[in-house]
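Colleague: One-letter residues, chain by chain:
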Amino acid sequence: MLEIQGIAVSQGIAFANAYCLKEPDLSYEEIKVADVDAELERFKVAVMKTKAELQEIYEIAQKKFGAEKAAIFAAHLLVLEDPEMLAAIEAKIQTGMNAEFALDEASNMFIAMFEGLDNVYMQERVSDIRDVSKRVLANLLGVEMVDMNRLASDVIIVSKDLTPSMTAMLDTKYVKGFITDIGGKTSHSAILARTLEIPAVVGTKNATQDIQHGTPIILDGTNGKIIVNATLEVSGFYRRQQRIHNEENEELLQYRSLPSISADGFSVEIAGNIGNPEDAEMVINAGGDGIGLFRTEFLYMERRELPTEEEQFQAYKSVLEKMQGKPTIVRTLDIGGDKNLPYLKLADEMNPFLGYRAIRISLTQQEMFRVQLRALLRASAYGNLKIMFPMIATLGEFKMAKAILLEEKQNLEIGGCPVSETLEVGMMIEIPSAAIIADLFAKEVDFFSIGTNDLIQYTLAADRMNENVSYLYQPYHPAVLRLIKNVIDAAHHQGKWVGMCGEMAADEIALPILLGFGLNEFSMSASSILKTRAHIAKLSKQQLMTHNERILLLSTSAEVEEYVKKNLLSQP
Amino acid sequence: MKKMFNITAPEGLHARPAALLVTAVTPFECDVQLTYKEKSVNLKSIMGVMALGIAPGSIVEISAEGPDAEKLFQTITEVIVSKGIGEEC
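Line by line, the protein sequences give chains H and G.
Reminder that position 345 of the first sequence reads as 408 in our numbering, one-by-one numbering, no gaps.
Reminder that position 27 of the second sequence reads as 76 in our numbering, one-by-one numbering, no gaps.
For reference, chain H alone in the conformation it holds in the complex (with noise of 0.2 Å):
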């Protein structure tokens, strides 16, 4: 048996035989040729076999996929027919190298060139003109490319890479999943894996050499492992998940379109936590009320400059007009602590948590917060957007953020330029001060959202990242659920409303309690949306809320875990 593990980027379990996508063998000899006019016209024949074949993948990609995705295909046949690249090829000819040849050296110059741009999205596109180039060169050596339209049983797919081609030959009612040895969790075949509702694992390095076509394997999606001849105890394991996994996505469905209510009629909001603008599309496929927490430092990494203005503003925009009128909270940047951009140059700490992070950079490099700001409130015009600062200590640095954010609000109107009028303007709860003052806070915001990671890191003085000390990352803590108890009564009390949108809005455990303690928002990756809108409906909040005192009350975080084993979840 072995245990192979990857990047996890399309939930789910399958069980199938490994096939491995073979590269074709397109190696070819440098030949001088010597009649020029028909290497040419064996070069032309490729290109318009290879037209026909991307024209065909094209028109099946729209009917499986949907136009959007489709359109690469359409990008593709432009690049075959290029007029800068044919042009090159066509010169190299001229010149005597055979068209293999020349093809090779024309499209290495085009993704050396791709290669060299400093945005990783362009890198990306260099598998679009290998694709491209492959299949002409297949075709000027008469070499069939991999049909996975022929296949007959079911199968896991294992490949060094995906190609978009690839992906749109993939028949869903053989191909189980898929396993390459690249990627990432937004390359192409990532998001057709998500799209197809298959599990894939991607980024294993290794996978294609390590996997024999033929062997059975497990794939589990959901924690990006791949098991390999596995043993009967370990497929058994597996079976079982996998019929949970079935049965409860059966069952979850049926919450995609219902309202997030508990059984006694109490409304609270399920949202969805996203890291980029793309992952919104998982939050509306989750049939989640909104967003609770964009985080936008995805905008500010991978780069070596910060991004302008108007790059922000289209991508809160997108998100926003995604989004069609849900609420839509947006947490300004939070670089600093684990999270650092080199080109703020920004000095070495001993304790970047306790450091130079957050809204304290924001509210020292104001160019830099304002234009942020400024983004945010031109794309507010578009959809329900709600402003929250992260890392708040002091009232002192909430009243400037805000103040600095209502001075931009008001140069744009005067300017012209259309703001929302019910933009609400909130700050994060993660330094247990600002969780013990939050009355204090509670007049000056329009909302609370609970970020529980840090609030029990800061609670209990523990990195949650080194392990000899994890024992003390408790969020059943009684410390913590007061701190909790006391930001939603502080908040409830001036008419405010509170969100959570860290682990622990997810939680099982911490689920029942935070509902009998009020909290009206809930915020979490999106494959845990349904999951807890299904549990709060079997949830009587006037019956929780009766157990909220001796909660309370209870010493340990062991204690409460079983208070609620015992008393809470066992609800009729």
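Among the hints, a few may not be true.
[Unchecked claim] Taking lysine to aspartate or glutamate pairs in the EDC-like style, the calculated list, with each CA pair at most 16 Å apart, reads: (1) LYS594(H) / GLU311(H); (2) LYS132(G) / GLU131(H); (3) LYS132(G) / GLU384(H); (4) LYS268(H) / GLU66(H); (5) LYS88(G) / GLU147(H).
Please keep in mind that the hints were generated in silico from the structure rather than gathered at the bench.
The hints should help you fit chain G onto chain H, whose structure is shown.
Modeller: Same frame as chain H, now just chain G:
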């Protein structure tokens, strides 16, 4: 003829917006060039356009010479504005 545009598409002039532009100008007879940071490429070439790596917020210049240049600019402007690729400067 020349005209400047501000590219506003969130990911810049990448595959999809670039494809829209190239497709729109290809049927025209005249030569059309796109210039960005002093580099000029054939706007009928998707590779040329994408290889420039034009980021959002960039200003580009489009120039065309030929009998149908005027018509071409009408089309380009319409595509750029209506598909959210950018705006006229």
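Colleague: Among all the numbered hints in the text so far, which are the ones the structure does not match?
Modeller: Of the numbered hints, all hold.
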